[in-house]
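Visitor: So you can see what is in the structure, the chains are spelled out below.
Protein chains: 2
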Amino acid sequence: MALDRLKSVAQHVTGTLPPPHPFDPLSNAEIEAAVQIIRQQYGQLHYNAITLKEPLKKEMLRWLENPSIPRPVRIADVVVVAPGGKVIEGWVDLKAGKVTKWLSLEGVQPLNRLPWRIYRLLSMFAGKIQRSSNNVRLVVFQQKICTKSIVIALMYYRPHMDDSQYSFPLDFCPIFDAAKQEIIHIDIPEIRRPVNKAKPNNYHVDAIEKEGGYRTDIKPINITQPEGVSFKVEGRVIDWQNWKVHVGFNYKEGIVLNNITYNDKGTERPIFYRLSLAEMVVPYGNPEHPHQRKHAFDLGEYGGGYMTNSLSLGCDCKGAIHYMDAAFVNKAGDSTTIKNAICIHEEDAGILFKHTDFRDDSVVVTRGHGTVQLEIKLTGILNTYAMNPGEDTKGWGTEVYPGVNAHNHQHLFCLRIDPNIDGPNNTVFQVDATQGAGEVGSKENPFGNAFYAKRTKYSTVKEATSDYNGATSRTWDMCNTNKLNPHSHKPVSYKLVSREVPGLLPKEGFLVWKRAGFARHAVHVTKYDDEQLYPAGRHVPQTSGEPSRGIPEWIADAILSA
Amino acid sequence: MALDRLKSVAQHVTGTLPPPHPFDPLSNAEIEAAVQIIRQQYGQLHYNAITLKEPLKKEMLRWLENPSIPRPVRIADVVVVAPGGKVIEGWVDLKAGKVTKWLSLEGVQPLNRLPWRIYRLLSMFAGKIQRSSNNVRLVVFQQKICTKSIVIALMYYRPHMDDSQYSFPLDFCPIFDAAKQEIIHIDIPEIRRPVNKAKPNNYHVDAIEKEGGYRTDIKPINITQPEGVSFKVEGRVIDWQNWKVHVGFNYKEGIVLNNITYNDKGTERPIFYRLSLAEMVVPYGNPEHPHQRKHAFDLGEYGGGYMTNSLSLGCDCKGAIHYMDAAFVNKAGDSTTIKNAICIHEEDAGILFKHTDFRDDSVVVTRGHGTVQLEIKLTGILNTYAMNPGEDTKGWGTEVYPGVNAHNHQHLFCLRIDPNIDGPNNTVFQVDATQGAGEVGSKENPFGNAFYAKRTKYSTVKEATSDYNGATSRTWDMCNTNKLNPHSHKPVSYKLVSREVPGLLPKEGFLVWKRAGFARHAVHVTKYDDEQLYPAGRHVPQTSGEPSRGIPEWIADAILSA
Numbered sequence: 001m002a003l004d005r006l007k008s009v010a011q012h013v014t015g016t017l018p019p020p021h022p023f024d025p026l027s028n029a030e031i032e033a034a035v036q037i038i039r040q041q042y043g044q045l046h047y048n049a050i051t052l053k054e055p056l057k058k059e060m061l062r063w064l065e066n067p068s069i070p071r072p073v074r075i076a077d078v079v080v081v082a083p084g085g086k087v088i089e090g091w092v093d094l095k096a097g098k099v100t101k102w103l104s105l106e107g108v109q110p111l112n113r114l115p116w117r118i119y120r121l122l123s124m125f126a127g128k129i130q131r132s133s134n135n136v137r138l139v140v141f142q143q144k145i146c147t148k149s150i151v152i153a154l155m156y157y158r159p160h161m162d163d164s165q166y167s168f169p170l171d172f173c174p175i176f177d178a179a180k181q182e183i184i185h186i187d188i189p190e191i192r193r194p195v196n197k198a199k200p201n202n203y204h205v206d207a208i209e210k211e212g213g214y215r216t217d218i219k220p221i222n223i224t225q226p227e228g229v230s231f232k233v234e235g236r237v238i239d240w241q242n243w244k245v246h247v248g249f250n251y252k253e254g255i256v257l258n259n260i261t262y263n264d265k266g267t268e269r270p271i272f273y274r275l276s277l278a279e280m281v282v283p284y285g286n287p288e289h290p291h292q293r294k295h296a297f298d299l300g301e302y303g304g305g306y307m308t309n310s311l312s313l314g315c316d317c318k319g320a321i322h323y324m325d326a327a328f329v330n331k332a333g334d335s336t337t338i339k340n341a342i343c344i345h346e347e348d349a350g351i352l353f354k355h356t357d358f359r360d361d362s363v364v365v366t367r368g369h370g371t372v373q374l375e376i377k378l379t380g381i382l383n384t385y386a387m388n389p390g391e392d393t394k395g396w397g398t399e400v401y402p403g404v405n406a407h408n409h410q411h412l413f414c415l416r417i418d419p420n421i422d423g424p425n426n427t428v429f430q431v432d433a434t435q436g437a438g439e440v441g442s443k444e445n446p447f448g449n450a451f452y453a454k455r456t457k458y459s460t461v462k463e464a465t466s467d468y469n470g471a472t473s474r475t476w477d478m479c480n481t482n483k484l485n486p487h488s489h490k491p492v493s494y495k496l497v498s499r500e501v502p503g504l505l506p507k508e509g510f511l512v513w514k515r516a517g518f519a520r521h522a523v524h525v526t527k528y529d530d531e532q533l534y535p536a537g538r539h540v541p542q543t544s545g546e547p548s549r550g551i552p553e554w555i556a557d558a559i560l561s562a
Numbered sequence: 001m002a003l004d005r006l007k008s009v010a011q012h013v014t015g016t017l018p019p020p021h022p023f024d025p026l027s028n029a030e031i032e033a034a035v036q037i038i039r040q041q042y043g044q045l046h047y048n049a050i051t052l053k054e055p056l057k058k059e060m061l062r063w064l065e066n067p068s069i070p071r072p073v074r075i076a077d078v079v080v081v082a083p084g085g086k087v088i089e090g091w092v093d094l095k096a097g098k099v100t101k102w103l104s105l106e107g108v109q110p111l112n113r114l115p116w117r118i119y120r121l122l123s124m125f126a127g128k129i130q131r132s133s134n135n136v137r138l139v140v141f142q143q144k145i146c147t148k149s150i151v152i153a154l155m156y157y158r159p160h161m162d163d164s165q166y167s168f169p170l171d172f173c174p175i176f177d178a179a180k181q182e183i184i185h186i187d188i189p190e191i192r193r194p195v196n197k198a199k200p201n202n203y204h205v206d207a208i209e210k211e212g213g214y215r216t217d218i219k220p221i222n223i224t225q226p227e228g229v230s231f232k233v234e235g236r237v238i239d240w241q242n243w244k245v246h247v248g249f250n251y252k253e254g255i256v257l258n259n260i261t262y263n264d265k266g267t268e269r270p271i272f273y274r275l276s277l278a279e280m281v282v283p284y285g286n287p288e289h290p291h292q293r294k295h296a297f298d299l300g301e302y303g304g305g306y307m308t309n310s311l312s313l314g315c316d317c318k319g320a321i322h323y324m325d326a327a328f329v330n331k332a333g334d335s336t337t338i339k340n341a342i343c344i345h346e347e348d349a350g351i352l353f354k355h356t357d358f359r360d361d362s363v364v365v366t367r368g369h370g371t372v373q374l375e376i377k378l379t380g381i382l383n384t385y386a387m388n389p390g391e392d393t394k395g396w397g398t399e400v401y402p403g404v405n406a407h408n409h410q411h412l413f414c415l416r417i418d419p420n421i422d423g424p425n426n427t428v429f430q431v432d433a434t435q436g437a438g439e440v441g442s443k444e445n446p447f448g449n450a451f452y453a454k455r456t457k458y459s460t461v462k463e464a465t466s467d468y469n470g471a472t473s474r475t476w477d478m479c480n481t482n483k484l485n486p487h488s489h490k491p492v493s494y495k496l497v498s499r500e501v502p503g504l505l506p507k508e509g510f511l512v513w514k515r516a517g518f519a520r521h522a523v524h525v526t527k528y529d530d531e532q533l534y535p536a537g538r539h540v541p542q543t544s545g546e547p548s549r550g551i552p553e554w555i556a557d558a559i560l561s562a
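From first to last, the protein sequence lines stand for chains A and B.
Residues 1 to 562 (full-length UniProt numbering) are what the first sequence spells out, left to right.
Residues 1 to 562 (full-length UniProt numbering) are what the second sequence spells out, left to right.
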């Protein structure tokens with residue numbers, strides 16, 4: 001079986017089958033081949049992630065320029081957890097069929113693949129623990145929370161399996177040791193809060209039918225594409241109205257857009273080398289223990305790819321749809337598949353493709369007019385906590401339902417942009433709407449009406465770490481200063497609009513502030529560093545200055561939902 | 001003829017015909033009736049505007065509460081220009097058939113209805129003046145620009161009547177006296193700029209066909225509503241998914257939304273008494289003479305209603321469409337009609353109705369989810385100016401086409417909101433995303449992660465004049481503090497989101513700064529003053545602290561397009 005896999009991979013690389021595009025995610029065959037190669041050398045291990053180690057940018061740019069030269073070698077980027085919780089990062093050269101890197105990492109923990117497992121493990125205790133109320137302390141272990149593989153479980157209860165658990169938060173937090181696979185502590189607040197007695201919310205069809213059914217006063221609006229769609233898909237490359245984009249996918253960032261180009265009257269102009277959502281930082285604003293601990297790194301800790309739901313039952317898009325699957329590795333080392341992880345379709349508004357159903361219901365949309373947007377819908381999926389009748393939220397949250405305290409939190413979305421505007425040598429300018437110099441009556445500004453778009457070039461990483469300025473409607477231009485627009489004689493550019501950003505609200509020195517790193521700022525620009533930037537598969541340091549080491553070149557867009 | 005009109009109006013008010021809703025705009029019959037009544041008393045006059053004098057709010061609220069009581073009297077609000085340019089404002093009681101107010105106003109000028117007339121008048125000179133080059137100075141009058149009815153014409157040239165004139169700006173500005181109906185001066189710059197020789201832009205179908213025709217690579221996306229629309233229209237009241245709204249219209253603001261309510265499980269809850277776009281201020285940022293003069297008040301000076309294009313040829317909306325007309329008065333006093341001034345339709349995105357084609361292509365959209373938005377599309381319709389080959393814009397503009405200098409400008413949209421959230425007694429709070437008090441380690445904020453939505457009540461008009469704060473993602477809540485949400489126990493509220501506002505960029509003391517008044521700020525709240533707020537028909541003071549006296553209760557949303 002495994003040897004068959006190896007053979008089929010061999011066929012890939014020997015060319016008897018059409019080889020994958022160098023940006024294509026690893027296939028199930030490639031993933032299992034990598035596992036076989038590792039097993040032969042290291043035996044049984046717990047697999048955390050296997051993903052494509054993306055080719056070096058300079059190597060890729062050479063190949064994109066001339067696809068007739070040998071394509072970059074396929075390399076699997078592997079993260080395994082050895083007994084005792086030690087994290088190992090490895091590379092497997094799938095052509096040579098051997099491990100080329102095997103590095104045991106210190107001071108990091110792997111991305112957490114256990115939340116649902118822990119939930120099942122703990123939810124069965126919930127009722128009992130509640131009933132035994134204060135005696136629950138008897139079962140508390142005395143062990144300190146200090147090791148690297150600690151998971152804090154936020155507990156919920158479901159009266160019925162289809163009910164929304166967010167209406168039934170529990171007031172205690174079991175502490176789980178992922179390495180030991182056991183509960184080492186249960187955090188219980190001084191003030192106990194009983195299980196919510198409020199009416200459950202259940203949004204499943206049958207429950208809604210029971211409550212009188214769906215509304216009937218809305219007439220259908222049908223959208224049809226009688227001649228099919230206007231885009232073509234070859235492999236994972238979408239071709240739409242002179243735009244081309246390769247759609248990648250990995251366990252951490254989810255969707256990845258590579259090599260976005262525009263055919264300008266016959267000339268293929270590169271625009272972006274790579275676009276992805278690198279991280280989402282979610283600090284909570286309640287200072288009361290244990291809520292200060294709540295600050296998720298949704299991608300670095302859980303994985304945007306891993307949290308993708310299958311759209312195999314179809315998505316809510318209308319018209320003609322094209323789907324793509326996603327391949328992962330499970331703990332045992334078998335390859336798994338999420339059917340229809342990506343949905344590509346065309347909308348009247350000119351949407352090129354759409355990928356939905358992150359755990360936070362984020363929606364990635366690429367529009368035909370040539371800008372790439374990351375639109376996020378927050379649908380109230382946030383950590384809630386129990387409260388007693390009449391309890392004061394003290395402004396740290398809102399009682400959204402009887403006995404349910406929705407704590408203040410931020411969603412800081414870290415967008416990683418690797419511009420390639422008419423080539424890789426791009427420059428970034430900060431642009432501020434600015435009043436002209438000189439007061440009313442002065443020679444240079446006699447009437448005081450002068451204003452202009454002030455452009456400030458970023459020369460160092462330090463000055464390139466900047467925040468949004470609402471007073472100047474600050475934006476950021478990515479330019480190729482060697483290529484001028486024939487009319488304006490200004491550099492050809494794309495503009496980053498990253499507004500409505502209050503910045504990271506927790507104060508300097510706090511854990512999330514250290515971990516969020518560049519995510520504290522509206523924009524951060526790094527000089528290109530191939531090794532550092534890719535692959536996407538990285539681990540969460542305990543208290544580093546970088547957000548889960550998926551270093552965003554750009555940090556874009558934050559929303560406070562209070 | 002005129003007496004027939006009077007009779008039909010009489011029939012309205014005596015009830016032999018269904019009477020108009022008190023919010024309905026004046027009908028053609030009512031407009032001509034008002035003119036007849038004025039003529040009998042004052043003879044021939046030049047009519048600038050006749051619009052509904054909206055009933056007093058307290059009177060309307062009484063009637064809305066109990067429509068069986070006598071409805072508010074229909075009153076025409078009239079603006080005429082007497083010989084010599086004197087502006088007179090009058091009220092005509094259409095039931096009593098008499099003039100109840102006739103006020104001669106000082107220091108104001110009427111809204112300008114002449115731009116196209118002036119354009120025609122001057123464009124014929126353009127070529128000649130250009131050819132005679134510097135001798136043109138011979139025709140300049142020495143008269144000063146000081147009277148109240150001065151219009152400065154920004155000149156363009158069209159090689160072909162279908163070409164876009166914005167590619168062919170002329171370098172001189174005739175000064176026109178609207179009262180005298182003559183050109184009193186021609187402003188000619190020291191540096192002359194010849195007529196542009198660049199290739200014309202012509203977007204008409206035949207021109208595009210000549211250039212190879214429209215693209216053929218886009219497949220149709222059809223939207224159909226086989227069972228019709230989900231909304232009902234009775235008179236001018238739209239009923240859609242528990243929402244009700246009266247759609248008014250006047251020559252200045254264009255569309256006006258009145259008495260927006262939501263049927264909450266049988267209870268009709270009022271939300272907004274009135275919503276409109278009250279003004280759009282457009283300052284230009286080029287300090288060089290004569291461009292400091294360029295600052296439009298699109299509604300106060302030209303009229304959003306007057307600038308509405310007829311959609312009689314159909315609009316670009318898909319699916320089932322419902323149209324409404326608009327009635328105006330012309331200079332002579334005859335009533336005129338714009339067919340299909342308003343288009344009401346339903347979109348998949350949940351749009352309730354849509355009104356397009358202001359002169360600046362603004363789009364007013366009401367969405368089903370209960371917020372009222374004003375979305376503005378800027379489609380490059382801005383004043384352009386001529387430039388010589390190689391001339392430096394000095395950053396005050398951008399060469400968007402050879403020889404075409406698009407000057408920096410702002411679009412400040414003044415949205416007037418009259419909230420009526422569960423009743424007329426509403427309060428406004430400023431909401432800022434704010435860090436909790438106390439540094440890391442302090443008792444109240446031990447971990448430094450505390451943050452909350454700080455709410456500041458506006459008690460005086462002075463403190464209610466505020467700007468956007470990007471650092472706190474500032475928003476504004478309109479609340480009924482006497483009505484609490486059953487879950488959150490917070491006042492029922494609607495939130496105003498007015499972001500991306502750099503504020504008015506011209507400096508204090510300059511003409512536009514004085515005239516823009518409250519429009520200088522993101523938000524301004526006035527205590528309710530019936531007389532002052534409505535009717536919409538007002539005039540542009542030369543240098544008042546108010547924006548064209550259509551006092552916005554709220555000033556929302558500005559975009560810098562540089």
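It should be emphasised that the hints constitute simulated quantities derived from the structure, not laboratory data.
Incorrect hints may have been included.
Just so you know, same-sequence chains aren't split out, so a pair can sit in one copy or run between any two.
[Unchecked claim] Under the rule of at most 30 angstroms between Cα atoms (straight-line distance), these lysine-lysine pairs were calculated in the BS3-like manner: (1) Lys197 to Lys443; (2) Lys232 to Lys454; (3) Lys180 to Lys514; (4) Lys219 to Lys507; (5) Lys514 to Lys462; (6) Lys457 to Lys180; (7) Lys244 to Lys180; (8) Lys219 to Lys197; (9) Lys331 to Lys199.
Visitor: Sort out which numbered hints this structure fails and list those numbers smallest first.
Guide: The structure conflicts with hints 1, 2, 4, 6, 7, 8, 9, although it agrees with all the remaining ones.
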